[in-house]
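Asks: Below are the chains, spelled out letter by letter.
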Amino acid sequence: MNFKKEYDTIVIGAGPSGVKAALRCSKKGLKVLIIDSNQNSGGQIYRAPPKSYVKKSNKSLEENLIQIKFSKHLEENNIDTAYNHTVWQVSPGFKINTFNEEGAVEWSAKNLIVATGTYEKIIPFEGWTTPGIIGLAACTIMLKSHQTIPGNKIILSGNGPLLILVAYYVLKFGGKVDAIIDTSSKIKWIQSMFSLILNPKNFIQGISWIFKIILSKVPIYSNSLVTKANKTQNGISVEIQNIKNKKIKVLDTEVLAIGHGLTPSTDITRLLRVDHLYNELKGGWIPKLDKYFRSSMKGLYITGDGAGISGAIAAEDKGELAACALLKDQNIINEKEFNNTTNKILNRLKRYEIFAKGIAELNSTPTSLIKNINDNTILCRCEDITKKDIKNAVNNGAKNLNQIKSWTRFGMGPCQGRTCQYSVAKVASEQLKCNVKDLGYLTGRTPLRPFPLDKAIGDFEYEEITKVEAAPL
Amino acid sequence: MNLRIHDYFERGKKVRIIVNDDTIEAYEGECLSVVLFISNKKNLRTSPKLKENRGMLCMMGSCQECVVLLNGKKVTSCNIFIKDGMEVKTGNLNEF
Amino acid sequence: MNNIDIAVIGGGINGSSAALHLAKSGLKVCVIDKDSICRGASGVNAGTLTMHMTRAKLIPFAKKGWELWMNTDKWLSHNIDVKQKQGLCLAFTEEEEELLNERSKVRKEYGADIKIISKSEALKIDPNINNKIKCAAFCEMDGYVSANQTGDAYTKALKENNVDIIENFEVSNINNSNNTYEIVAKDGKKIHANKIVLATGVYLEKILKLLDINIRIKCFPQQLIVTERMPELLKTVITVAHGKLSLKQFENGTVLIGGGWPGKGNIENGYNETIPENLIGNMRLACHAIPNLKNSRVSRVWLGLEAETDDAMPIIGELPNLKNAFIIGSIHSGYTSGPYMGKLLSEKILGKDVDLSLFDIKRLMN
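Protein chains in written order, with this note's numbering: chain A, 1 to 473; chain B, 1 to 96; chain C, 1 to 366.
Next comes chain A alone, as it looks inside the complex (with noise of 0.2 Å):
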């Protein structure tokens, strides 16, 4: 693909909100580019297979067809497509770093859509750490896009609409679930159906799976958590207690799943420090944004699951509103037409409010969860630092998360605290006696992706070095 140097608008994320909005823009005549990590358009929720994997005829994932359907939207629409480019620096006006397998690359645009989505929740337990336990999202994108069951043995736990998917698809790949955790009770599941299907009109659908996994007769612990892990020889012991009874049980797997619902991916709005604004049902620290998707930047516009969970289905027509104000604001559109368009969209949003309370009571944080967090369980994977470490910080006097930061280091590694920010920030909250929301949140770094120094340096010769003025004397 021959790239350009600049485009009029660049959109990080090539999901279901990233593709309708660069269409939009594309649409109109603008100069688009879409970035995206991943190999192929489709983001998390519809996650291409690996470009290796040739599709056989007869059969076909719906997902995957839709994956196809917006790839050959954004090839007929030129727009320039940047698979496979990590982002690892946004700077205002706006100027995109990326490295890719090759080197680093740089491209410049007027106007930013930021469509990065979600990350997925995991709140921390005694064992949590163990290999062989993964993520409801990890284990969802290696049936989905690998096409692998993660095991032999598995056990599916959490809240949240992953936890249905997730046993829906092993099923549906002759995998065997052991048993589900599920921390809230089976009327939950009606609910999260709503997110899950792709198209609302499937209602069938859905129910279908509820069904396929009722009749597998897999064993579901409702009202029920994960209280401990360990490694056992040949796999992992699973302790599980029933919320309401206390009554516990001791249950061996190969690989567990567990996800406790989706937190907005903010690391470019962080960098850029735009304004933010606390909403628990929304998936935890959102960027502040007006009914069209504005950012607090001029010219930055912020879309999909990372401006607030409410699923895929309204990620699209998000992405078609950020992309309508971002043509009027440009003036390519006009008043008339832009109200013309965002109103018939805005009442299409309308029709899914329903769904979308539901998702987002689902990806509430049950707080038997936090509870369930004791002093030497780790909350800092990267940095091997505990509940107790977070505690001394904040009977030390340290006040926001920031300060918890510094001294105890949390955050402080390759991850950038995406993993555990909003754990640690539920502890010291409670430890606090104050709203998560006074902590703030931890102050946005570049770069957004471990940058490896190979890709950065490329070839030089020593005499090329940028030569700086050498200090005083």
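Taking lysine-lysine pairs in the DSS-like style, the calculated list, with each CA pair at most 27 Å apart, reads: (1) B:Lys51 with C:Lys83; (2) A:Lys388 with B:Lys51; (3) C:Lys159 with A:Lys391; (4) A:Lys51 with B:Lys41.
By construction, these hints were calculated from the structure, which means they are not laboratory data.
Note that the structure is predicted; figures quoted are calculated from it, not measured.
Given chain A, put chains B and C in place with the hints provided.
Replies: Positioned in the frame of chain A, the structure of chains B and C alone reads:
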């Protein structure tokens, strides 16, 4: 049970990679962390203070738990695709 | 807030060190900071303890500062990662070799024990360095401090010495009445003290204006790069002849790359934005010095602001035309000498005979 599903997609050609001292068979273009996971190589790195075994967690390039040494360089294995002859080291990567 | 003998405004290592020594002598001290203490330059800099990069005239002070750092149990009393390491300053070209000779000679004259060694000697001391060097300057007395731990350590030490730490107090006004001071915060809170010490780092120009003193303090946003934990990549603290590289590997295996490469920003609008070409330049220099660094990944990048006066020398001492008002700041490569400079100022305030004429603020005034 064969954990790989072949119903919907044909994988690339069969290749071999070396993980520590073991040779593992895989398909070209498969995801490295997935191959390690199902090939009984779940321990990928060692945690810094407690020296615990750690392995793949998020599969999204976020958590950095799946970092291994590939031909001498640290990489996030969930973002790496199998090529014939890859040399992978797992375990206490800071001692290599 | 009553009966404060001395209010130190600015809780970085300069201010906090002064406060600690003043408190140990029995005075009632408070430390005021607009943020949490040691979150400015003191908390985010590279923590290099070096004679190679210290301004030549400051060598005697840096040596004393170095000794204080190596003995924190005697005055700071709390654990902070300090390591003595040998320091190598490298020269890759003939021009750099000349520069190295010149710089080392001057520093030696001021008391630094630096000697020029050959390539083979340097490689024996640290086999990880690029064998393309022409020669190196060697100093036994180098090392590093983990800057991010200073906040925690100083907070504990100050509290143990009965110092009140008043954080999130942004000074908007300082009123002088009868040679005592009323310090007013943006939100209206007031603190009354008999004496004040201004130690606000890059904000010194701003706070001096409150007392009608006009001095220019230049602020340079500088980038720092840290890698993931790696196996041993270097044994020494590395710098280069022209001063634009500092390299050290901490006990935890991470490598910190610095050298004062500029980023973007200022105190009004924040200093958050890196200049990618400068990151790459800095990394290239680092990988040239230690080739195996190429196998690592950058984990974090951040910026700090370095304060510098017009002649790049510190300001320490009494404020002109005012009684009971003092200042400390703009100590170039200040980390090494900071604790000692703070101690010196505290002795001056306590009436001891201390010569701070080299750092007199009057030299910068017209």
